[in-house]
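Take any residue in the sequence shown, note its place counting from 1, add 5, and you have its number in the working numbering.
The hints are simulated quantities; they were obtained by calculation from the structure and are not laboratory data.
From the three backbone atoms N, C-alpha and C, an ideal C-beta is built for every residue, glycine too.
Careful, some of the hints might be misleading.
Label pairs and their computed distance ranges (CB to CB) [claimed, not checked]:
| # | residue 1 | residue 2 | range |
| --- | --- | --- | --- |
| 1 | A45 | S77 | 28 to 34 Å |
| 2 | L37 | R80 | 15 to 21 Å |
| 3 | E110 | L69 | 18 to 24 Å |
DMTMM-like cross-link-like pairs, simulated, lysine to aspartate or glutamate; straight-line CA separation at most 20 Å [unchecked claim]:
| # | residue 1 | residue 2 |
| --- | --- | --- |
| 4 | K75 | D105 |
| 5 | K75 | E26 |
| 6 | K75 | E56 |
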Amino acid sequence: DRRRAEPISDDYMREIAINLENVLPPRPGGTLAILDASGADVVLLAHTGLEGFATVRDVWAGDLVGATVKVSFSRIPRSQIPESSPQRVRWLYETWASLDVWVAENRSRETA
Numbered sequence: 006d007r008r009r010a011e012p013i014s015d016d017y018m019r020e021i022a023i024n025l026e027n028v029l030p031p032r033p034g035g036t037l038a039i040l041d042a043s044g045a046d047v048v049l050l051a052h053t054g055l056e057g058f059a060t061v062r063d064v065w066a067g068d069l070v071g072a073t074v075k076v077s078f079s080r081i082p083r084s085q086i087p088e089s090s091p092q093r094v095r096w097l098y099e100t101w102a103s104l105d106v107w108v109a110e111n112r113s114r115e116t117a
């Protein structure tokens, strides 16, 4: 059953964004457009260990050898995503906050 959340306030959204330490704040426009156009579930990808790699050349240079890279995929069933745009924005920001926590907990010591 879909979560019943109050619409997000600017102050609430700002507070979440300010407290993100490991990820950039979400940009809801594209996410909302995809959710409006699709009945699909959402898949999230989080990763650590690729910090400092800006291009494919950086990876091909071999600097990843010996590095610890952690990756997490999670699926959120469409039935758990709110229906209204304001509730979806709240859901998206709260989901991003949980990704921020995952990155903090899984960052390798070398990149911390």
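Evaluation of the provided hints:
1. Here the CB-CB span from A45 to S77 is close to 19 Å, at odds with the stated 28 to 34 Å.
2. One distance hint, 15 to 21 Å for the beta-carbon pair L37 and R80, holds here, with the actual separation near 19 Å.
3. Restraint check, E110 to L69: a C-beta distance of roughly 21 Å satisfies the suggested window 18 to 24 Å.
4. The straight-line distance between the Cα atoms of K75 and D105 is roughly 14 Å, inside the 20 Å bound, and the hint therefore holds.
5. Between K75 and E26 the CA atoms are separated by roughly 18 Å; this keeps the pair inside 20 Å, and the hint holds.
6. Of the pairs offered as hints, the one joining K75 and E56 holds, with about 12 Å between alpha carbons and a cut-off of 20 Å not exceeded.
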